[in-house]
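Asks: With the hints as your guide, set chain B onto chain A.
Given next are the chains, with one letter for each unit.
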Amino acid sequence: MKPKVIIFSGYGLNCEEETAFAFNLAGAVSDIVHINDLIDGLYSLSNYQIAVFPGGFSYGDDTGSGNAFANKLKNHLWREIEAFVKRDTLTLGICNGFQIITHLGLVPALEYRYGEKQSALLHNSSARYTDRWIDLEITNSSPWLKDIKTLMLPIAHGEGKFYASPQTLSKMKKRGMIALRYIKGEICTYLDLEANPTETLENIAGITSENGRILGMMPHPERAMFFTQLPHWTYLKEKYKRENKPLPKYGPGLHIFKNAVSYFTN
Amino acid sequence: MPFRIEIISTVFDTRTEVRKKNLHKLGFKSIKKISIVDVYTIDKRFKREELQEISDTLINPIVQRASVSEGISPPAFSYALEISFLPGVTDNIANTAKEIITDKMKVSFVPPENVYTSQITFITGDITSEEANKIADSLYNPLIQHASVVSYKTYKKQGGMPALLPVVRLNAAQNAEEVNLNITDSKLKDLGKRGIIDKNGKFQGPLALDFIYMKTIQDHFRKLGRNPTDIELESIAQTWSEHCKHTIFADPIDEVKNGLYKTFIQGATHTIRAKKGKKDFCVSVFHDNSGAIEFDRDYLITHKVETHNSPSALDPFGGAVTGIVGVNRDAIGFGLGAKPVANTYGFCFGNPDDTSFLYRDSALTQPLLSPRRIMDGVVAGVNSGGNCSGIPTPLGFVFFDNRYKGKPLVFVGTVGLIPKKIKGKPIFKKKAQRGDYIVMVGGRVGKDGIHGATFSSEALSSGSPVGAVQIGDPITQKKLSDALVKEARDKRLYTSITDNGAGGLSCSVSEMARESGGAKVELEKVPLKYPGLSPWEIWISESQERMTLSVPKRKWKELSELLKRRGVEASIIGTFTTNGKCIVTYHGKKIMDISMNFLHNGLPPRPMKTTPATIITESDGIKEPKNYAGVLENLLSRFNIAGFSFISEQFDHEVGGGSVTKPLVGKGRVNADAVVFRPLLTSKKGVVISQATYPTYSDTDTYRMTACSIDTAIRNAVTVGANPEYLALLDNFCWSQPDNPEYLYKLKKSGEACYDYAVAYQTPFIAGKDSMYNDFKGFDGKGNRVNISVPPTLLISSLGIIEDIEKSVTPDIKYPGDLIYLLGDTQDELTGSEYYSMLSDSRGGKLLTGNRVPKVDAKKNSHLYRYFYDAIQKDLISSAISVGRGGIAVALAKKSMAGRCGVDVSLKGIADNLRTDTILFSESQGRIILTIDPKNKMKFENVFKNISHFLIGKAREDNKCIIKSNRGETIVNSDCNILLKSYRSTFKDY
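Those protein sequence lines, which keep their order, are chains A and B.
Counting in UniProt numbering, the first sequence runs without a single skipped number right up to 266 at its last residue.
Counting in UniProt numbering, the second sequence runs without a single skipped number right up to 990 at its last residue.
Next up, chain B with everything else stripped away, as it sits in the complex:
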């Protein structure tokens, strides 16, 4: 008999007001009052006085009141909506409550005994039952939650809300089933695509194995003279998935025989490292969970950026939490464990104002979440994941384009810090040894995240598995992370470590088994969240917050005792071997026996052919605007330029004490393009991180798009003070339509540019990731088929060093009278620009393309960046901003807004042959706008004597922003406070 403890605030509960406001915004204006009741359902026998004691530990009596087994409600209300989790969904609060009860009452919960949480929203107002259901729809996500909607009358009749127990009940097969591969080709193809059919006749979920892979597997098992088991086939599918093996980047493409990754990404790094020779700062590139460069004599700094797109489309909050804590494990899993010291993010969403629905199925019963809801959920998810983990999140961006409506992109990155040596031995190298225990640490295994790896290797459609949804538990991971990187690592209690991410144990164990040469796993030893999972599910589940360690037998006792004292669960689940096989047993029975060689190297290459993409080059006559101030204000309020302080401020960016430059800079709190932080408080050295992406350039030219992204990422870092000769890059490709030869062509061109520009700038790639299937196949509200593909999106992130943090530069103009300079040349390069996007929008979305995507002159720019760095070392730069989206106009406005200081600028001399709007809004690369103290004019101009530089004006005593055209007319006569108002208007109520 379950007990419900219901809790209500006895003082004003601010959550009710916020919820009411949000519902009003959604159009439910007749809501007068909201009350919130938090519910703990305890499914375990307790005496009445014990329950009283338990409820006392769950509240603060100064502001809350609890009731045991009797509903609490406001005296009058119209509807009550209770939202609870579906069975098996991670319920962090309930887990904490269970821990509190266990500790207080000295009892233990024996499954199925459990605690569940839910929340009741009481609504008062003149609303219909249909509206009440709609309100519930806006508050819950049917993929992970359940909603009960009850009227006042029913509530009273029932004496409260109906008790719901989301107990997990599974009856999956408790053994591995043989999968018959002696079938026709068409059946084989179907098996690869749709997956294995279980004993109930249902598909277990996509294998996402191409026909050519299925043939290879069929051949392999024919030679062995047997059929595979389901766990073997699922395991191969995980390891061979696009998500894990990155086949599109690995396989031959046209004349690029070694594939894009080896040729262009790794190839660039090889070339650069060879050329840098003794000046090479790369330490570990590509092969570990993160890439690492030297920070100083004693430490390395690591970085990795991941995407978590598909899960975030289904459950934005859970997907984003899982994404951020997942990439944290790429730091924890680097070497023997790096300490996460900073997070980054990047979100690409559909238009948040778009309210038209899309559906995953033709019956229109599975709506996609709206871009706004996805956005709110993703932001809340990174908030929770990053903040709870105590890792600062100082840098990120948001980008909007309605082609992200079907699938958002959620980039998350983590920078880590690791000493080079502990007790004289390097700790950035690792190797599982023969006989080491395979130890799983952290969370338990459930049904969550099954088929995550194969699912993200497919377009999002109605067959997408709900089991792919996971909710992260940052605190479980925090305990794990602290215990490993702050204690066990330095005692060298394990020889290797890796993350349990995509593919779960199947991938982590088989990856580590490569170090020793084999593994033997006893699957029944894996601790489960609840009983009833099939062995294959245990093996590939992506339940979060787990790492796999290899632990020498003699260290096990010390490790297990330490982890126990830190509240971290650890279990021996097998042994590393050297026999070249990955063997899995379940209760003594061998259910998997695959050679390591076949598992890792068995997949055949699939050569790809591309077709040059047709570029739309039409460009119709655009008239020069009359009201430039209006255009500028308009640009500043556009989604892709406007300030998003509501995100920056809700992500803790100062925890750790290392913050040097903030995500919001200057008096005007303008979003920064790069940040500086100190990973080691004892050192004056800082880390610089920046990002760049130009999806709108991809429509015309992905080669130039890539060049611009690389140039901008470098320039953004250099502008705040990074040494341009000590910068590393990370690449994250989020592509679409990988079966379309034109999209493959675009990918190849992008790869070429990665090589050309990384080498030209001498900035090696140290890590990267790609996500190829960012497509949505579904239906619109009328039942018409809709395919939406994201524009080819490349995120370039940079990781650099600043020798002395006191040299950091911020964009805000510091002093009236300071001289304003523009460095670099301005060309007619408006294709893909924000200015053109704005004009297209005003013409109803017709793309103005032309063929003038900015072209990057790496030689010239790297020259400029070196002199700029030199000028910073001489303390000549008082403020600086990298010219990016929106061109000179927006860069100037940002400087002025950030410093709350007016400017007097003339465009004369910058590019007198160009039209004024071209000069102002062109997004030509390689440009920086800066200010200097007038007394340093000579020194400054001396440094830049051989570099394009233009003295374009000076900072004013007042707030006026005056811009004169090259003909001398005043074209903008505004005020930085007016501009700031536009800049802040867009996301004011977010």
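Excised from the complex, chain A in its bound form:
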């Protein structure tokens, strides 16, 4: 059975289509569902195994990125969401989705206190929206990140500087909830760019809930599902051609979606 994915849309979320495409490519079945259709009961979270808050600009980042959409979820769907995450399900927040689930208190949710804001995503140090590629190292054992050691993906955001109090951070570290950190790897070396473009705390780019099933990440894996999305693919093409190697079809980001699918199929 292919796992069923629900991808939220509406009010300025905007990465739902390519995110659905990535999940389908990985072997899942995705529904893009407008938040109001969930509120109106046309869809139910209880029919899904995977919930995704995709990237975008919900409410234009007004009152703080992710805040307004999280408020709406809290006001209308909180019980269903809480029940969903307490089941054996997977939840993913990408970029604006990460900002939403941070405000919603799905991550880090220390002591499983879902619904409590425990961390924040602040303005990048440049105070400017930035779209560029970064390298990541994977530092925990979330099912989303199984068998991945490093990843190159793009980021595109203005508010992605992770913050938590020293106490919260130390607990998160002890419990293995820091999932992704910026490092200088293949793509930063290639493009000669610094590892941490936002000056985020301790290079943190993604975190999970205590059980690892909820992942919030600033980078966009769906923008790296194909080989031709890589910034240096035309160089790699020449290289592979001269080495008589075939061109890869997919990019590194697809692994994350495949992991989610195999969590339910294996």
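It is worth saying that the hints were derived from the structure and are not from the lab.
A few of these clues could be false.
Facing chain B, a subset of chain A residues (Cβ under 7 Å, in silico) [as the list claims (entries may be wrong)]:
| id | residue |
| --- | --- |
| 1 | G12 |
| 2 | T63 |
| 3 | D131 |
| 4 | Y190 |
| 5 | T228 |
Just the calculated beta-carbon pair ranges, DEER-fashion [said to hold, decoys possible]:
| id | chain 1 | residue 1 | chain 2 | residue 2 | range |
| --- | --- | --- | --- | --- | --- |
| 6 | A | E82 | B | V110 | 33 to 41 Å |
| 7 | B | N913 | A | T150 | 51 to 59 Å |
| 8 | B | E561 | A | S262 | 35 to 43 Å |
| 9 | A | D88 | B | S138 | 52 to 60 Å |
Note that beta-carbon positions come from the ideal geometry of N, C-alpha and C, so glycine has one too.
Replies: Structure of chain B alone, referenced to chain A:
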């Protein structure tokens, strides 16, 4: 009694550091510390505990602290500056806050109840009150905002900042007024120019109607035996405006009886389509909101480029947001709605280092914003508009010339994707039917944008209406766009759609009414942002994020329910009819009754005469430079060549997942001239877009300027892999002084070249737009009159297809040892070149012109492009760049920088009769520099055996850039990292 919720960061707020740095750069070096407090002013009664609850929903307590009705300030500061919006200015954050409060507290806001936002900047440092005011000036725009500057002492005495409520209070006439046209000719002329005088004796704003138009209108109403109402006259002015009817392109000019547009632009497309026959890929050209070509069996791809110059001069941020979300609606308004899949931009600004002020009025009280501020605002505006809408913005350019100081040019474009058929029926065709409801969807109507269309048909001067300023709301539009193109369209819930852009409802309704044959509007049904607008204002307001639909009665219920669930407002405001009239009523009273025929076809032609432009051909002796490396580094750091990664990186270019080649290419992240993206993730096909403009060539020869722009746009697209036989073009003319016969001559020559070269290349025009009044009339700091006109500027954009995205080519040199070839011939063509611009600058701005603007040999070049395409299909090209501004030298440097790979190049054999600087910097068209794997040498040379090609060198193992002259001397001995440093130096701190 309004409540203020003030919010401050409890952890380090990076915005404060950035603001401090920016203010230091402006010279306010004594600022030690900045604190920022965000304020929500809630003008509605709530209990104290309710306000606490509200403030909790507006913050993240981990990093923020809120205070209800008590000012928050740092313990010590020197001045506090609060910046708030003026009444009626779009306040997006406040609207979201209102929505949050409504949803959380289950209440509704009844006007005048409202929410307003503002921001306080606390400044600590040794500054005077005069400096504090200057700092405020640098942070706010008096056309849309209000600033309060308060010292520490006053702040403490008052117990915080004074509460300000920007409530809109209007007392406009609630009916349509008759306008007397039985007046003298001179009064009639004045009425056409300055507009209607309202009941308070004030001008309502420019009608921008020429005397000959006013006479025609006078005659028309005399025949009807009555005077027009203000709404009728305003409506005609909108529809007949240069902005809407493009009269300069439509009217006879010299021997061109059918006008420039029909003869040269549309004419070229007709000729090309007829010749292409079965190979014709155009599907919908000129008549819809965008132009469309076939993408594949099932889809069309659309493109449209607009300008938003005048509003961006007044409020760069708001003008640019409005521009980009406005052109998105040209995609959404194509057929029954195309999905926007990519944005493009092009900015022409004055010199950003120029700090001398210009004024709109002789009293010197209305300064123009500086080029740098305009630039920062425009870039931020496209950032906000494009990023918030979730549409990638992968391609654009910036161009600087101080003749854009009076009026910047802001080009914005949107590519769309639309299926050919839904449920077996074509959806790129539309027709409003008799009896269909006229439905306005999206935002509400306010005073914003009134007289936008007539205003952009005039030079910018002190009479420019402030109401012309608008701020876009990308999220309202995103909701609207998603609901239409992702849902309602595919259910076929409407029969036609168009954008509410220039002229607002007056233009959109009367445009759509042509499809059915008439319309009847009940104006009081239009939802307003606030009460008190006059009917004519409602009718012509350009409030943003609105579309007009025609909805069959039986579909209304389903449509309105869907839109309601998507948070989109929709209102029936009338019915489409077939009686040949556009009728408007207001609370039952008929206030407008104009025949469709008069409205659309009543304007008389105004034949134009031109005078050949005098060309300055003097050219003084330029000595060959001694230090070529120095010249090259200098060129790379020039505004018009330097890398602008700070713009490319802040515009999301990867959303949608279709990115194939990036705006910054190679290891060196050099700005690309064209990009490839995939609009459909299921297909291997890609879309190629490129741009070209050569304003500096216009001073000498607009015919050649146009030819070069067309050739370069085509070449840029072909260089990344587009099929040269499957390319469409878009034209955007931004001219000046349209009353000057010499400028009209330049326009005519440009039109001629459009025809000649489009036909020669078989690249049809599919859409275009012109903006004719890019002039500024004002005063310098000493009160002297100043007129500044932009150089005639033509932007050519291309739209093409690449069959297999894996064939895309980027400019970066990939491998050491690869052979470097130059395709195409090099001539002595330096007029208007960046090299000459550089030399003029070093001589204090004296233009070195001569009469050697590059001449384009279309036949030869199109041959070359076809063989080049062939070579790409054979996988022979490892990297390629189109030779453009700065000539061979800059193109080579870009390849080397992009690949972080040195080069060994000899100029011998390219054009041995020319001087070395001419060979290096000439901007001759039709040239491409490329690299190949040495093992493909035979195959490559075989493909190009009948085409000019020169093996000029090879890629090095190290970073050195060596260029030898045709005499064999080493003239450049540099390093790609040194060149890169120059290339990146100019905009490093932007």
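Asks: Take the hints in turn and mark each one as holding or not.
Replies: Right, here's what the structure says about each hint:
1. G12: holds (5 Å)
2. T63: Holds, because the Cβ-Cβ distance from T63 of chain A to chain B comes to roughly 5 Å (cut-off 7 Å).
3. D131: For D131 of chain A, the interface hint holds, since the closest Cβ of chain B sits about 5 Å away, which is under 7 Å.
4. Y190: Since the shortest Cβ distance to chain B is 6 Å, the answer is holds.
5. T228: holds (5 Å)
6. A:E82 / B:V110: 33 to 41 Å: holds (35 Å)
7. B:N913 / A:T150: 51 to 59 Å: holds (56 Å)
8. B:E561 / A:S262: 35 to 43 Å: holds (40 Å)
9. A:D88 / B:S138: 52 to 60 Å: holds (56 Å)
Hint compliance for this structure: no hint is broken.
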